[in-house]
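Enquirer: Spelled out from the first residue to the last, the chains are:
Protein chains: 2
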Amino acid sequence: MEALRNAACTARSTTMMMLVWIFLNAVAGLKAEGGGMEEELVTEKEAEESHRQDSVNLLTFISLLTLTILTIWLFKHRRVRFLHETGLAMIYGLLVGVILRYGIPATSYHNKTPPSCSLKEGPSSTLLLNLSGKFFEYTLKGEINFREIHNVEQNDMLRKVTFDPEVFFNILLPPIIFHAGYSLKKRHFFRNLGSIITYAFLGTAISCFVIGNLMYGVVKLMRAVGQLTDKFYYTDCLFFGAVISATDPVTVLAIFNELHADGDLYALLFGESVMNDAVAIVLSSSIVAYQPAGANTHKFDASAFFKSVGIFLGIFSGSFVMGAVTGVVTALVTKFTKLHCFPLLETALFFLMSWSTFLLAEACGFTGVVAVLFCGITQAHYTCNNLSEESTKRTKQLFEVLHFLAENFIFSYMGLALFTFQNHIFSPIFIMGAFIAIFIGRALNIYPLSFLLNLGRRDKIRGNFQHMMMFAGLRGAMAFALAIRDTATYARQMMFTTTLLIVFFTVWVFGGGTTPMLSWLHIRFGNGKRFQDERCQHGKWEYSRVGVDPDQDLQPSGDSFQVLQGDGPQDEGQSKTKQESAWLFRLWYTFDHNYLKPILTHSGPPLTSTLPSYCGPLASCLTTPRAYENDEQLRDPNTDLIHNDADLTFTFGDAAITTNGASTSRTDAARGLGWSANGKRIGSTSEEALERELDSREQELLSRGTRLVFPMEDHV
Amino acid sequence: MEALRNAACTARSTTMMMLVWIFLNAVAGLKAEGGGMEEELVTEKEAEESHRQDSVNLLTFISLLTLTILTIWLFKHRRVRFLHETGLAMIYGLLVGVILRYGIPATSYHNKTPPSCSLKEGPSSTLLLNLSGKFFEYTLKGEINFREIHNVEQNDMLRKVTFDPEVFFNILLPPIIFHAGYSLKKRHFFRNLGSIITYAFLGTAISCFVIGNLMYGVVKLMRAVGQLTDKFYYTDCLFFGAVISATDPVTVLAIFNELHADGDLYALLFGESVMNDAVAIVLSSSIVAYQPAGANTHKFDASAFFKSVGIFLGIFSGSFVMGAVTGVVTALVTKFTKLHCFPLLETALFFLMSWSTFLLAEACGFTGVVAVLFCGITQAHYTCNNLSEESTKRTKQLFEVLHFLAENFIFSYMGLALFTFQNHIFSPIFIMGAFIAIFIGRALNIYPLSFLLNLGRRDKIRGNFQHMMMFAGLRGAMAFALAIRDTATYARQMMFTTTLLIVFFTVWVFGGGTTPMLSWLHIRFGNGKRFQDERCQHGKWEYSRVGVDPDQDLQPSGDSFQVLQGDGPQDEGQSKTKQESAWLFRLWYTFDHNYLKPILTHSGPPLTSTLPSYCGPLASCLTTPRAYENDEQLRDPNTDLIHNDADLTFTFGDAAITTNGASTSRTDAARGLGWSANGKRIGSTSEEALERELDSREQELLSRGTRLVFPMEDHV
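Here the protein sequences line up with chains V and U, keeping their order. Letter 5 of the first sequence, counting from 1, is numbered 5 in this note's numbering, and no numbers are missing. Letter 16 of the second sequence, counting from 1, is numbered 732 in this note's numbering, and no numbers are missing.
The hints are simulated quantities; they were obtained by calculation from the structure and are not laboratory data. Treat the hints loosely; a few may be bogus.
Looking from chain V toward chain U, a few residues come up when the C-beta cut is under 7 Å (computed) [said to hold, decoys possible]:
no.	residue
1	Leu345
2	Thr347
3	Ala348
4	Trp520
5	Arg524
With a Cα cut of at most 30 Å, we get these calculated DSSO-like pairs of lysine-lysine [to be verified]:
no.	chain 1	residue 1	chain 2	residue 2
6	V	Lys220	V	Lys231
7	V	Lys231	V	Lys307
8	U	Lys1054	V	Lys76
9	U	Lys947	U	Lys936
10	U	Lys792	V	Lys338
11	U	Lys936	U	Lys1023
Just so it is clear, CB atoms sit at the ideal spot from N, CA and C, and this is done for glycine as well.
Just chain V, same shape as in the assembly:
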């Protein structure tokens, strides 16, 4: 009853807001028309009008976001799951797009074609206009298609609503991607790292080439039936493949989170989608870089191909190093200063350093978004251990809000763009072909790779997991941002339109079908372990009891995005690779644990105990008093990290273990020596743990047990 009244209220406020917005738009339009009367102050007036129009446009999006938020609340309130917030944002965007396009008369207050002047020289970034002695400065906006000159002026407002595509890349994507990286520090993620990297790199490459080749076939078909007259090269097809290979299962993951679906499946999907975004960006820019070398033949050219591969590797590793280095620098700064006494300064520093990664990478010619991703991962892995508790929460919440706003903005914009973008090219054959191609591309990514991975994994990726991964191949923000980045040519415009439709379809249909699909595939949820992506483990938080899930969020708020759930068994769906395949990883782990963590953070064993004795002075200089404290007191606040990490290693080691109830020798573990011993000691229990059917009552008991243990932490 009350919910109904609330719904009515929301609907009313929704309508009201829309009306207000339409009124404002109309006013702006009218005023603009009125302003056109005088000739004298026309420039100043135009600038003012332009500013006002910009405000109205931004207001449009903000109203859209506000509406979306209110409706999300309503949906959450009533536990509606068939439509996710991103889908909702798109629907609102579509509605406003329709109104903008058809509802408002084409005001076009200066629908005269703009004055043009001719020059012999090449275009420069600045142009001066000499107007009877007065000089006006103009800046280059870009090349414009002749066809567009009239189009553009046809309805100025529509054009205004269309943002500069670079806004997506430079403003909206970084917080989204950083947030993804920052929330990756999860046992489940690292446990499945091998598989995730395989899917992300190899899988995305497969998907890109499969889709590219299939689409080339479609293009040939279109040319054969006379549906295509303009240029459409093979590289364009490959580019489309790269663009559309970036998956974004945000809808699916939100539902997983709500239903507490399987943690490993969550980790696989989340990790894959985060990583393949990075791969898709670099892949697409490598393909673009391939283009000019072919000199219009666009045939296969071995040297150009290898050059592209080189570019791919160069950009990827460069961005990776950039991100990692900034993360490491932040970790060092936060370790060696006492900034943690001032959470505001700490948060600001963290934010600035993370942002500077993006700019640094862009300034050096690498890809900022990719750098930001790895920066996020490094920050979560190292810096987070140095931050004060307050800052850990602040940074998490700050990026959460930014991520939320940016994501919903992109999805609203997508809805809007379907109607306001001026150069859509709807080609039914191309669209149908693309739908089939992405399906095939996804299938050739998931199934063969899963088969190969299963050869090496002890805990196989089962059939129903594979089907779910296949199903969760939604396309989202990244595909859109890549597609809108360049819509100059006919081919690119067709791709953009198709991408938009694919995003709509997959988000609505696959996103909405997640819950039925989960039941249909018999993927357990509700009692499984939830993979929580919203906090970073903090060494200082003293709930690091064996048996308490360190992924658990302590925050006792009413935030139902993060319902607390103390779950006992940690071994479900634990992946196990063969020991021999893990030596590299184990080497890295030992190095990380013994040297990197102690150098970069307050956690881990003191360097004095891990470094050879001749490095003594250096080691004692780099070790902070806090690290000694941690080591001396046996109630090491970082035990959870160690256990956690140890756990991680085990899975790449011989046997899967459960840290649950296992009383490991902490000092040994802290010295990074305990893992193999432990791995063997508890190896036997792991086999039993493979049985997936756990009595839920027992689990609850365990869960309660962990909570009871909680306040006693200090007495250990």
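Once you have looked at the hints, place chain U on chain V.
Expert: Just chain U now, with coordinates in the frame of chain V:
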């Protein structure tokens, strides 16, 4: 010892960062030069270079901010108080400005004058360039002085570092001003509201006209001695008066905060500076609006004057209404939905609604910054009571970080602008005149108004307070933003240069001299009550014990910006106006408490008990279950608000009271009836409380007492 090592570390990282940044800049420059070789892809390359250069520039500022943060930490760590973070930011900005100007060879990779073309028609916002069939779109940047054409191209990088002034108004000021408004919900503020408004409106107007007239004299003098050849009208002088009347005692207030200086003085200074920012903006735009009416005579014209006054009132009230309405809408939305279950949604909504105020006001032709200020006040007064505890913290922290970053950015930019801005006009006479004028203007603002106010105040604004207010007339971000907004004419350029120097001088000298000045004026600190500007009172927080300062921050973090201090006596420096002058305010208070608060928030008495009986159905529809609960349970979580508000009323009422230790009848208070009774009952104690010398030991006891009371809250 360790601090020294830390300092050395910071210094090293500082140097390193500067080197990195210079290297990057050089690389960008070199690459740009290399890029100029080819002619074919020159536009694309230029666009890329421009993007890269933009990244480097932003990186410059981010490095500056990072450096500032690290040095702030160092200063806080060592309790250095002679230089505030804003002063520091300016110094770093200056250093980088010097390097940019003199350290780097003028790369100017396209130092040829840009191509220009002639047209007959007036300039339009878009210009097309026909280049042998290819069309390029250019957008208008603005009129350019002929003198500048060569200047501009002389060193492209310097020009690039110069941001679009509108960035300050549309991006950097709103969070600063919103934060100021959002942190105004303080007893001390409302207690001194009358005085604050007097200083802000009347005082700023006096200051503006005094400075304007004095400067007109200076301009005449300059013309007489032949130092001024260009135009400089009376309205320009008035404009300068408006620009430079916006005070920004952020440095002083930070030190007040640290030293726990007198709460009322803090409130007077903080309130005045926040309000006079708004007044200065609107005043300056009214003066600009006055200009064209005079048609180049720039003499006094009564009709134009009244038109300007009308514009002032129109813009001010329009912006006020805009801000208040958005705040009220947000309050209603948060009240009638159950958004508080989802802090992320709530925070996002809050952020969006607050931002939309700005856009809405701009779209309607009002002043966004002013609207945002009043929106912040409304949000703090109403919406804050509906938010969940989590969201209250989140919103506070979010705006705190934004405010911090924006403010430090502006101050670094100021330092930078002294060397990178291309059109400085240093006129010694004008600058000297301006320094004298602002001194006289401030004096004629503070002393006469204080005299007038003291006629009405029972708790006089004493002489040393007046001197401190005089001394605290620093100029900051707002003066700079107003001055940089338009630097097209000679007069404006001279004003900009002068404003910059005034800001530097006042922030460094007056800001640095705050601590000595406080001792010299015998203004007590350390045991006085601290006026805390960093949280909003929340009805749900159950520390609303009589005797506990509701301004106290609960947050038990290590944030030393907000050191906890439970202080007993609340009556120091309490202002008392005569009863007759307060009836209007009391009327408003009763209305607000009985109707607005219950309608807009969950706090206050249920409407069913305050509205006449025939409004019964409406009242019960508008009252939420939470409000009934609050009323029914005698341990009303809103008691602190009520006491707080009651306290506020008393000061406008007959007698000053101390809520400390006064066991008021809460149900009565909750019905808004208790205040007069209380006011009389405790009236006697207030006189004693006027004695300012309080035994600090006693205070500590009281303070401890309040902490002990704290956990027993629930049992009352």
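Enquirer: All hints, please: hold or fail.
Expert: Hint check results:
Interface hint status for leucine 345/V: upheld, as the beta-carbon distance to the closest one in chain U is roughly 5 Å, under 7 Å. The beta carbon of threonine 347/V is positioned within 7 Å of a beta carbon in chain U (closest approach about 6 Å), and the interface hint is therefore held. Interface hint at alanine 348/V: satisfied, since its Cβ lies 5 Å from the closest Cβ of chain U, which is below the 7 Å cut-off. Look at tryptophan 520/V: its Cβ only gets to about 29 Å from chain U, farther than 7 Å, so that hint breaks.
At its closest, the beta carbon of arginine 524/V sits 26 Å from a beta carbon of chain U; the interface hint therefore is violated under the 7 Å criterion. The straight-line distance between the Cα atoms of lysine 220/V and lysine 231/V is roughly 11 Å, inside the 30 Å bound, and the hint therefore holds. Between the alpha carbons of lysine 231/V and lysine 307/V the distance comes to roughly 24 Å, so the proposed pair stays at or under 30 Å and holds. Restraint check: the Cα-Cα separation between lysine 1054/U and lysine 76/V comes to about 10 Å, which is no more than 30 Å; the hinted pair holds.
Taking the CA atoms of lysine 947/U and lysine 936/U, the gap is about 11 Å. The hint holds against a cut of 30 Å. Annotation: proposed proximity of lysine 792/U to lysine 338/V holds, straight-line Cα distance about 10 Å (limit 30 Å). Distance restraint check for lysine 936/U and lysine 1023/U: the Cα-Cα separation of roughly 27 Å lies within the 30 Å cut-off, and the hinted pair is therefore satisfied.
Checked against the numbered hints given earlier, the structure breaks hints 4 and 5 and satisfies all the rest.
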